[in-house]
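Peer 1: Sequence:
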Amino acid sequence: MNILAFIKDKIATLLLHLFAIAFSGVFLSIFHIDFYAILFLLTVYCITAIVSLLMEYLKKRAYYCEMLQNLQNLDKKYLLSELIEEASFLEGKLLYDCLKITNKSMNDEIAKYSIASKEYREYIELWIHEVKTPIASSKLIIENNPSVVTNSLSEELDLVDYYLE
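For the sequence shown, the working numbering puts the final residue at 166, and the numbers step up evenly by one.
Honestly, the hints are just simulated from the structure, not real lab data. By construction, the Cβ of each residue, glycine as well, lies at the ideal position given by its N, Cα and C atoms. Hints may contain errors.
What the hints assert, rightly or not - 20 angstroms max Cα-Cα, derived DMTMM-like pairs, lysine to aspartate or glutamate:
id, residue 1, residue 2
1, Lys60, Asp10
2, Lys101, Glu120
3, Lys119, Asp109
4, Lys94, Asp10
What the hints assert, rightly or not - Across the chosen pairs, the derived CB separations fall in these ranges:
id, residue 1, residue 2, range
5, Leu84, His33, 58 to 68 angstroms
6, Leu42, Asp76, 51 to 61 angstroms
7, Leu141, Asn108, 16 to 26 angstroms
8, Phe36, Cys66, 18 to 28 angstroms
9, Leu19, Leu69, 23 to 33 angstroms
Kindly generate the complete structure, drawing on both the sequences and the hints.
Peer 2: So, in structure tokens, the structure goes:
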């Protein structure tokens, strides 16, 4: 975040301040207030407005620079919301809340897919167990009834068993 980008973002605010300064100067001069008193009041107003904007810029710049530095140092960028602190200004709070909500949503999605993957694995393991039972009983039948055909069946069952493993 640089000062020019900040000023460009605050152009409406700056124009409003300039309008208020011009209006105040004209208004005070209509009532025949001394020129130096008008100049003093407008100078105080300008300094106050500039200091206010400068303080806002420095606060936001520090927060966003820290956030960008944390982001660059992370291998897993999605963990940014765990490293940054909640900001003391409204836009930073909104950004912080958005990051927290998206991070929670991502964690919920990961948990959902993890549960689905676990259920699928359990289903496959159960299915393999159910298929191995008839293969084992077929092998026992083949062993008890040796012949050329059963030897061929035994080889095929061994191949099926190998694929299941």
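Peer 1: Work down the list of hints and note, for each, if the structure agrees.
Peer 2: Comparing the hints with the structure gives:
1. Lys60 - Asp10: holds (15 angstroms)
2. Lys101 - Glu120: violated (28 angstroms)
3. Lys119 - Asp109: Roughly 15 angstroms between the alpha carbons, so the hint for Lys119 and Asp109 holds.
4. Lys94 - Asp10: holds (18 angstroms)
5. Leu84 - His33: 58 to 68 angstroms: With a Cβ separation near 60 angstroms, Leu84 and His33 satisfy 58 to 68 angstroms, so the hint holds.
6. Leu42 - Asp76: 51 to 61 angstroms: holds (56 angstroms)
7. Leu141 - Asn108: 16 to 26 angstroms: violated (50 angstroms)
8. Phe36 - Cys66: 18 to 28 angstroms: violated (43 angstroms)
9. Leu19 - Leu69: 23 to 33 angstroms: holds (32 angstroms)
Violated hints, in rising order: 2, 7, 8; the structure is consistent with all others.
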